[in-house]
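Could you use the hints to bring the two separately framed chains together as a complex?
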Amino acid sequence: NAGVTQTPKFQVLKTGQSMTLQCAQDMNHEYMSWYRQDPGMGLRLIHYSVGAGITDQGEVPNGYNVSRSTTEDFPLRLLSAAPSQTSVYFCASSLAATNEKLFFGSGTQLSVL
Amino acid sequence: SQELEQSPQSLIVQEGKNLTINCTSSKTLYGLYWYKQKYGEGLIFLMMLQKGGEEKSHEKITAKLDEKKQQSSLHITASQPSHAGIYLCGADISGGSNYKLTFGKGTLLTVNP
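Chains A and B, in that order, give the protein sequences.
Residue numbers for the first sequence follow our numbering, beginning at 224 and rising by one.
Residue numbers for the second sequence follow our numbering, beginning at 22 and rising by one.
Simulated from the structure, these hints should not be mistaken for lab results.
Values in this document were obtained by computation on a predicted structure and should not be read as measured data.
Be careful, since some hints might not be right.
Okay, derived cross-link-like pairs now, BS3-like style, lysine-lysine, Cα gap no bigger than 27 Å in a straight line [unchecked claim]:
| no. | chain 1 | residue 1 | chain 2 | residue 2 |
| --- | --- | --- | --- | --- |
| 1 | B | Lys81 | B | Lys57 |
| 2 | B | Lys77 | A | Lys324 |
| 3 | B | Lys90 | A | Lys324 |
| 4 | B | Lys38 | B | Lys57 |
| 5 | B | Lys57 | A | Lys324 |
| 6 | A | Lys232 | B | Lys126 |
| 7 | B | Lys126 | A | Lys324 |
| 8 | B | Lys59 | A | Lys232 |
| 9 | B | Lys121 | A | Lys232 |
| 10 | B | Lys38 | B | Lys59 |
| 11 | B | Lys48 | A | Lys324 |
| 12 | A | Lys232 | B | Lys57 |
| 13 | B | Lys90 | B | Lys121 |
| 14 | A | Lys324 | B | Lys81 |
| 15 | B | Lys38 | B | Lys126 |
| 16 | B | Lys89 | A | Lys324 |
| 17 | B | Lys85 | A | Lys324 |
| 18 | B | Lys90 | B | Lys126 |
| 19 | B | Lys77 | B | Lys57 |
| 20 | B | Lys90 | B | Lys57 |
| 21 | B | Lys89 | B | Lys72 |
| 22 | B | Lys121 | A | Lys324 |
| 23 | A | Lys324 | B | Lys72 |
| 24 | A | Lys324 | B | Lys59 |
| 25 | B | Lys72 | B | Lys90 |
| 26 | B | Lys121 | B | Lys77 |
| 27 | B | Lys59 | B | Lys85 |
Some chain B residues well away from chain A (every beta-carbon gap over 10 Å; in silico) [claimed, not checked]:
| no. | residue |
| --- | --- |
| 28 | Ser28 |
| 29 | Val34 |
| 30 | Asn39 |
| 31 | Asn43 |
| 32 | Ser47 |
| 33 | Gly74 |
| 34 | Glu75 |
| 35 | Lys77 |
| 36 | Pro102 |
| 37 | Thr131 |
| 38 | Val132 |
No residue lacks a Cβ here, since even glycine has one placed at the ideal position from N, Cα and C.
This is chain B alone, in the form it adopts within the complex (with noise of 0.2 Å):
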């Protein structure tokens, strides 16, 4: 079974919506990544969460940490065309070391204009 899973598996949206991508661990999470993918590329660090009730923002994406609910969430506010990609969480699921960073299998976002 998937240790993290993310919804949706993928998402199309008008420019301007906002857009939410959850990431969900069946294990304890000991530290949250969010990354963006474009075709052909590698991945591109957003940001790293660390502690329960954690948000962080990056110009119009802001992530969230609930350590209760082992679960993280992407919020894209005014989606733009730049921001269309596979977005990808990573967790240390393995004890509070980087290891064995462990990824869902990401969401892809589409943005129309």
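Extracted from the complex, chain A is given alone in its bound form (with noise of 0.2 Å):
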């Protein structure tokens, strides 16, 4: 049981480059969720997914698109990427969207220059 799989672990980006950072978990689960961990700011909500073809924003989403179109895949794409999303970025789901644990992926850490 694999469950949360984030690729790649390290990544280093040009501004103004694109790129997508993938997620995928094996757990049949209906909520995912990316986070961003930056010092000093703790984690910080960039999407969430409540299902397949359901997204919606967190607290954090400019820059930033995901989209769902299997339970399994939550991909987040950087559109144009700044020096300010050098980040460590980390994928989480949950069975459900109420109540239930987050389990989470190892983490993507991104410099973008």
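What follows is the structure in structure tokens.
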């Protein structure tokens, strides 16, 4: 049972480049979300999804796009990378959107030069 | 302002000592989660508290929820080097769902042998 799998683990981008962070879960979880973790800021919610075909914005959605075409996958797209998007990104999922613990991936460390 | 305040920000203890980490919310808590993070890794779920007065224990870690004070505490008894890491509290302050689980900035725990 792989749980929540994030790829890549590390990525370096130049300003203006685009890329997609991948997130997949094999637990048939309905709820999936993306957080970014920055020093002194804690974890901040970027986008979330309560099921296939349904996504919504979190606290810091600007500069990011998501889609949920399947239950298993929830990719995060950076449209035009900026140095302010340098961060560690975590994908998390739970069985349902209510009163269920979140399972986290191991993170993607992104640097934008 | 931070909706979930954790204290202390960091803590250094000698192996065998007890310690307490606090998490205080500025809004009504609908559920409180404790996670542990080791450097460079994802978050590991520790405990979930949902009702005022609820207390849960796992091995040497006990968490309590004081709904009136909108506060939770995490207590570690007889600390060990394996307890070292970052402890984060997360809470549903959006009104009863996990949709926008908010996290504190974390408490860095160092346990000296």
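Hint-by-hint comparison with the structure:
Pair hint B:Lys81 plus B:Lys57 holds up; C-alpha atoms about 14 Å apart against a cutoff of 27 Å. Among the hinted pairs, B:Lys77 with A:Lys324 is consistent with the structure: their alpha-carbon atoms are about 15 Å apart, no more than 27 Å. Proposed proximity of B:Lys90 and A:Lys324 is supported: the alpha carbons are some 23 Å apart, at most 27 Å. Between B:Lys38 and B:Lys57, the direct Cα distance comes to roughly 19 Å. Compliance with the 27 Å bound is thereby established for this hinted pair.
For a cut-off of 27 Å, the pair hint linking B:Lys57 to A:Lys324 stands: about 13 Å separates their Cα positions. Annotation: proposed proximity of A:Lys232 to B:Lys126 holds, straight-line Cα distance about 22 Å (limit 27 Å). At roughly 19 Å between alpha-carbon atoms, B:Lys126 and A:Lys324 fall within 27 Å of each other, so this suggested pair holds. Between the alpha carbons of B:Lys59 and A:Lys232 the distance comes to roughly 16 Å, so the proposed pair stays at or under 27 Å and holds.
A C-alpha spacing of about 25 Å is found between B:Lys121 and A:Lys232, which places the hinted pair at or below 27 Å, so the restraint holds. Under the criterion of a C-alpha separation no larger than 27 Å, the hint pairing B:Lys38 with B:Lys59 is consistent with the structure, at around 20 Å. The straight-line distance between the Cα atoms of B:Lys48 and A:Lys324 is roughly 20 Å, inside the 27 Å bound, and the hint therefore holds. Of the supplied pair hints, the one linking A:Lys232 and B:Lys57 holds, its CA atoms being roughly 20 Å apart against a limit of 27 Å.
Annotation: proposed proximity of B:Lys90 to B:Lys121 holds, straight-line Cα distance about 21 Å (limit 27 Å). A distance of roughly 20 Å separates the Cα atoms of A:Lys324 and B:Lys81; the hinted pair therefore holds under the 27 Å criterion. A threshold of 27 Å between alpha carbons decides the hint, and for B:Lys38 with B:Lys126 the separation of about 24 Å falls inside it, so the pair holds. Annotation: proposed proximity of B:Lys89 to A:Lys324 holds, straight-line Cα distance about 23 Å (limit 27 Å).
The straight-line distance between the Cα atoms of B:Lys85 and A:Lys324 is roughly 17 Å, inside the 27 Å bound, and the hint therefore holds. Straight-line distance between C-alpha atoms of B:Lys90 and B:Lys126 comes to about 19 Å, which keeps the hinted pair within the 27 Å bound. In summary, the hint linking B:Lys77 to B:Lys57 is supported, as the alpha carbons are separated by about 16 Å, within the 27 Å threshold. Proposed proximity of B:Lys90 and B:Lys57 is supported: the alpha carbons are some 23 Å apart, at most 27 Å.
Distance check on the hinted pair: B:Lys89 and B:Lys72 sit about 11 Å apart at the alpha-carbon level, within 27 Å; holds. Taking the CA atoms of B:Lys121 and A:Lys324, the gap is about 13 Å. The hint holds against a cut of 27 Å. Among the hinted pairs, A:Lys324 with B:Lys72 is consistent with the structure: their alpha-carbon atoms are about 15 Å apart, no more than 27 Å. Between A:Lys324 and B:Lys59, the direct Cα distance comes to roughly 18 Å. Compliance with the 27 Å bound is thereby established for this hinted pair.
Our distance criterion of 27 Å between C-alpha atoms is met by B:Lys72 and B:Lys90, whose separation comes to about 13 Å. For the suggested pair B:Lys121 and B:Lys77, the alpha carbons sit about 24 Å apart, so the restraint of at most 27 Å is met. Between B:Lys59 and B:Lys85 the alpha-carbon distance is near 23 Å, which keeps this suggested pair within the 27 Å criterion. Distance to chain A confirms B:Ser28 as a non-interface residue, since its nearest Cβ pair spans about 13 Å, more than 10 Å.
Every Cβ of chain A is farther than 10 Å from the Cβ of B:Val34; the closest lies at roughly 22 Å, confirming the non-interface assignment. A cut-off of 10 Å between C-beta atoms confirms that B:Asn39 is not in contact with chain A; the least separation is 25 Å. Distance check for B:Asn43 against chain A: the nearest CB is about 15 Å away, which clears 10 Å, and the non-interface claim stands. Against the 10 Å criterion, B:Ser47 stays outside the reach of chain A, whose nearest CB is about 14 Å from its own CB.
At roughly 17 Å, the least C-beta separation between B:Gly74 and chain A is larger than 10 Å, which holds for a residue marked as non-interface. At roughly 13 Å from the closest C-beta of chain A, the C-beta of B:Glu75 stays outside 10 Å, upholding its exclusion from the interface. At the 10 Å boundary, the C-beta of B:Lys77 stays outside the reach of chain A, the nearest C-beta of that chain being 12 Å off. With a cut of 10 Å on Cβ distances, B:Pro102 stays outside the contact zone with chain A, its closest approach being about 22 Å.
The Cβ of B:Thr131 sits about 17 Å from the closest Cβ of chain A, beyond the 10 Å cut-off, so the non-interface label holds. Every CB of chain A is more than 10 Å from the CB of B:Val132 (nearest about 22 Å), matching its label as outside the interface.
When held up to the earlier numbered hints, the structure conflicts with none and fits them all.
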